[in-house]
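*Asks:* Chains as they are written, first to last, in our numbering: chain A, 1 to 557; chain B, 558 to 956.
For the record, the hints were derived by calculation from the structure and aren't laboratory data.
Just so you know, nobody snuck in bad clues.
In silico SDA-like links for lysine to any residue, alpha-carbon gap of 20 Å or less:
1. B:Lys644 with A:Ala247
2. B:Lys644 with A:Gly37
3. B:Lys644 with A:Arg501
4. B:Lys668 with B:Ser649
5. B:Lys644 with A:Gly417
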Amino acid sequence: MLRAAPFLLMAILLLPVAAGGLATLLPAFGYLPALGGTALSLDPWRALLAWPGLGRAVVLTAGTGAAATGISLGLAVALAIAARRAGVLAVIEAALAPLLATPHAALAIGFGFLAAPSGWIARLAAWAVTGWQVPPDIATVQDPAGIALVLALCLKETPYLLLMILAALAQVQAPARQLMAQGLGYGPRRAWLFGVFPLVWPQMRLPVMAVLAFSLSVVDVAIILGPSNPPTLAVQVLRWFGDPDLALWFVASAGAMLLAGIVLAALTLLRGAEAAVAWAGRQVARTGRRGGSGFDGVTLGGGAVVAIVALAALAVLGVWSLAQSWRFPDLLPRGWTLASWQAQAPGLAGTAGVTLGIGVAATAIALLLAVACLENERRIGHRPHASLALLYLPLLVPQVAFLFGMQALLVRLRLDGTLAALVWAHLIFVLPYVFLALADPWRAFDTRLLRTASCLGAPPWRVLLHVSLPLLARPLLAAAAAGFAVSAGLYLPTLFAGAGRVATLTTEAVTLSSGGDRRVVAVMAAAQALLPLLAYALAVGLPAWRARRRAGLAVAA
Amino acid sequence: MTLTRRRLFAAAAGLGAARPAAAAAWAEIERAGRGQTVFWNAWGGDERTNAFIAWAAGRMAGDHGVEVRHVRLRDTAEAVTRVVAEKAAGRSAGGSVDLIWINGPNFLAMKQQGLLHGPVLDLLPHAALVDREGKPATLVDFTVPTEGYEVPWRMARVVFVHDAARVPAPPRSMAALADWAVVHPGRLAHPSVRNFLGATFLKQALAELAADATVLQAPATDDNFMPVTAPLWAWYGAMRPHLWRGGRNFPDSGPSLRGLMNDGEIDIMISFNPSEASVAIANGTLPPSVRTFVLAGGTIGNCSFNAIPFNAAHKEGALLLCDFLLTPEAQAKAMDPAMMGSPTVLALDRLAPAERKRFDDLPRPPATLSDGELGRPLPEPHPSWMTRIATAWETLVNA
Numbered sequence: 001m002l003r004a005a006p007f008l009l010m011a012i013l014l015l016p017v018a019a020g021g022l023a024t025l026l027p028a029f030g031y032l033p034a035l036g037g038t039a040l041s042l043d044p045w046r047a048l049l050a051w052p053g054l055g056r057a058v059v060l061t062a063g064t065g066a067a068a069t070g071i072s073l074g075l076a077v078a079l080a081i082a083a084r085r086a087g088v089l090a091v092i093e094a095a096l097a098p099l100l101a102t103p104h105a106a107l108a109i110g111f112g113f114l115a116a117p118s119g120w121i122a123r124l125a126a127w128a129v130t131g132w133q134v135p136p137d138i139a140t141v142q143d144p145a146g147i148a149l150v151l152a153l154c155l156k157e158t159p160y161l162l163l164m165i166l167a168a169l170a171q172v173q174a175p176a177r178q179l180m181a182q183g184l185g186y187g188p189r190r191a192w193l194f195g196v197f198p199l200v201w202p203q204m205r206l207p208v209m210a211v212l213a214f215s216l217s218v219v220d221v222a223i224i225l226g227p228s229n230p231p232t233l234a235v236q237v238l239r240w241f242g243d244p245d246l247a248l249w250f251v252a253s254a255g256a257m258l259l260a261g262i263v264l265a266a267l268t269l270l271r272g273a274e275a276a277v278a279w280a281g282r283q284v285a286r287t288g289r290r291g292g293s294g295f296d297g298v299t300l301g302g303g304a305v306v307a308i309v310a311l312a313a314l315a316v317l318g319v320w321s322l323a324q325s326w327r328f329p330d331l332l333p334r335g336w337t338l339a340s341w342q343a344q345a346p347g348l349a350g351t352a353g354v355t356l357g358i359g360v361a362a363t364a365i366a367l368l369l370a371v372a373c374l375e376n377e378r379r380i381g382h383r384p385h386a387s388l389a390l391l392y393l394p395l396l397v398p399q400v401a402f403l404f405g406m407q408a409l410l411v412r413l414r415l416d417g418t419l420a421a422l423v424w425a426h427l428i429f430v431l432p433y434v435f436l437a438l439a440d441p442w443r444a445f446d447t448r449l450l451r452t453a454s455c456l457g458a459p460p461w462r463v464l465l466h467v468s469l470p471l472l473a474r475p476l477l478a479a480a481a482a483g484f485a486v487s488a489g490l491y492l493p494t495l496f497a498g499a500g501r502v503a504t505l506t507t508e509a510v511t512l513s514s515g516g517d518r519r520v521v522a523v524m525a526a527a528q529a530l531l532p533l534l535a536y537a538l539a540v541g542l543p544a545w546r547a548r549r550r551a552g553l554a555v556a557a
Numbered sequence: 558m559t560l561t562r563r564r565l566f567a568a569a570a571g572l573g574a575a576r577p578a579a580a581a582a583w584a585e586i587e588r589a590g591r592g593q594t595v596f597w598n599a600w601g602g603d604e605r606t607n608a609f610i611a612w613a614a615g616r617m618a619g620d621h622g623v624e625v626r627h628v629r630l631r632d633t634a635e636a637v638t639r640v641v642a643e644k645a646a647g648r649s650a651g652g653s654v655d656l657i658w659i660n661g662p663n664f665l666a667m668k669q670q671g672l673l674h675g676p677v678l679d680l681l682p683h684a685a686l687v688d689r690e691g692k693p694a695t696l697v698d699f700t701v702p703t704e705g706y707e708v709p710w711r712m713a714r715v716v717f718v719h720d721a722a723r724v725p726a727p728p729r730s731m732a733a734l735a736d737w738a739v740v741h742p743g744r745l746a747h748p749s750v751r752n753f754l755g756a757t758f759l760k761q762a763l764a765e766l767a768a769d770a771t772v773l774q775a776p777a778t779d780d781n782f783m784p785v786t787a788p789l790w791a792w793y794g795a796m797r798p799h800l801w802r803g804g805r806n807f808p809d810s811g812p813s814l815r816g817l818m819n820d821g822e823i824d825i826m827i828s829f830n831p832s833e834a835s836v837a838i839a840n841g842t843l844p845p846s847v848r849t850f851v852l853a854g855g856t857i858g859n860c861s862f863n864a865i866p867f868n869a870a871h872k873e874g875a876l877l878l879c880d881f882l883l884t885p886e887a888q889a890k891a892m893d894p895a896m897m898g899s900p901t902v903l904a905l906d907r908l909a910p911a912e913r914k915r916f917d918d919l920p921r922p923p924a925t926l927s928d929g930e931l932g933r934p935l936p937e938p939h940p941s942w943m944t945r946i947a948t949a950w951e952t953l954v955n956a
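The following block holds chain A by itself, in its conformation from the complex (with noise of 0.2 Å):
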């Protein structure tokens, strides 16, 4: 049965990306019979080349998903550098946690509340400096240009890209290379970009492709922040999947083959800037010149500012939660009520079970799941060929070119807007996360204990379930809460598959975020934020306790 679990697995994330793709394809090329589209035609693509607002969406797109992820890697890059010293590294680790914890829309929104031309930091400013009595009319939100949406990213992609550098550093024994190498006259950063860097790529690889994927097809945050007229091409075939003018599925379809395309052209330029870099940085090695400076206050102030900004935009939706009246220029609030947590607190409760319960559910299977397919691993010894690649597939592709095809054929099942409907396709994300962070602490794991437990004579499942899986109970646990804010966050999924009938928080606070009540909106994006917030915290909190009792088992846990 063992055996069955990564075929099971890959099945679970592949087979609705591959149906639901195609069932995405067809209709680009003008077939889909339910709609009279039974012949191939290139319509579906004349149409949208006709679409007055497509050169200008595809720079948008490509643009703002290359700015965020660059500056995303660049800025987590550095920090790792600067993270050789102890005392930096301490301040990054706990910053992390409740900055990877945070969905992309509660801080999207946040941020929204920021930068507006209404926000805290212009009202800082007509306090300070300006005077300004009515806000500038200047769009730092919803910019033409996306800025807003590209810096929002960053936020949300730099303390990604840093917990998997910083996961990858572990093991590529990088202090002993950082020390032998500064040893040989490289300044800190030099040593660390020739000596480390090249062994920490192969790693960071999957990951910066999934980020590149992400940014340039995100729907959330462009929703919130990005401009609208044209939007971002995943925005925009987002609006033409919902037009009551059904012919325009055919141009939506072709639209998503179209970002597609453009995800798959920037992953392809990336290994191309990849091998760039590459030979770029031989070069510079090949002269052999030393030095280099160690200072890393530059970086630091970023790291900060990165840091700052996403703490204040959670603040802010505090403050907002809990405002009573607050208008501009004034810094705070005239006062304080809990009013509007209490208007929206029986709505809320329901929302938020049915955030939990799919998250809930979503979670527990990819931790079985992911637990069979390692155990399985260990126990035949080598690897399955199925490769990590697959299992990064589902976070590749644009969501928006194979959701929507998924939600026809769930359609088509009757499966639409059920909760295992929703809670497979939360696990097509969920599964992934959940696996690459459980896959290297499990496989790190000291097997002597295993055998001595199986010389004791206990069968295969007594010693998962007694050594293994008590002592990854730390690893468990984050992989959980990993995979719990990956579900909470999620948007599209939800709406897709929940046929729109199924609200979780992510889909009220993306729905409310255009109102006008800005309230509202904080206390739905703060209660958004605070499940997976719990969630983690759990996860640090929950080993800790338990490790109270068995002092001994400090160590291994």
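Since chain A is already given, all that's left is putting chain B on it; use the hints.
*Replies:* Then chain B, alone, in the frame of chain A:
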């Protein structure tokens, strides 16, 4: 309650709409609807409407044993799309949408494609109270006869809200509004025309600027669309660079427009609710200095409807909800400035004195105009004008 119902059927019988058989049919609907869960697909961008729906859901659960779930839409078209998708997938029963808050182009599309269940209006006991003579918009949705496929539930009226502290004498015509915008750059905004309120802003202008507004009552054609709307685009082209954000970005919806007004980013805004200013002052989403005004040439009025898709799984429950929304209790609640402030669709002179008192007792805050000040509403143009205006605007702003 029984007494009222008898009165109602008497009134309905007077109109020739109901017979004793209707009462029996309604009793059957009440029986079948009990225990159903009704998925009411209604635009969820307005908190006060959401609160009203939540209140109605509570009353439906208590009175009829019907669970009402509000499916909060970003755009009404989402629900229409879902019904169309279900039809395309061959699902002609057990559909996921039980009731849609619907208007104009979405209604026309569903009616034309045979996607609606009905006629249903005259099944409802309280439909006899609807003011069909005084408020003809309750029977005609954007010039399209509803023919009983839609049930009215709230009246809407174009008004403008201004910050009286900053704009003591607001412009009283769309032409004057454009002049005002030129003098006060960045202080006027309208919602994206993808949103119904944004489209209404342009329709209101068209109603004033078109050489002959009566052509708007017939469908737009390829031949007459450009000539009729030419003055509109000339007016808009002159004003647009002076709008908020230089006319390059637009708020998504009415509530986000109100957010801009509350933040002090703009000074004048359009609204579809005559009580918007008062309700918003009361709940702190607009400053106390805002007031309401209408245009000298009149403003567009319409009615909001609910309709049941042909494949709805819980038609009886949806009918019970539609009828409840027409009760004097629900209508007065909707009209309460502390709730939504939506004008009623009922004929007040047809109500029992005790029911009528609910409406007479409602306060009229200073930011709300009297019926006399509002004047008679202008009719909505045919939906095709809205659809074409939206398409033309889309091309304009994306170019």
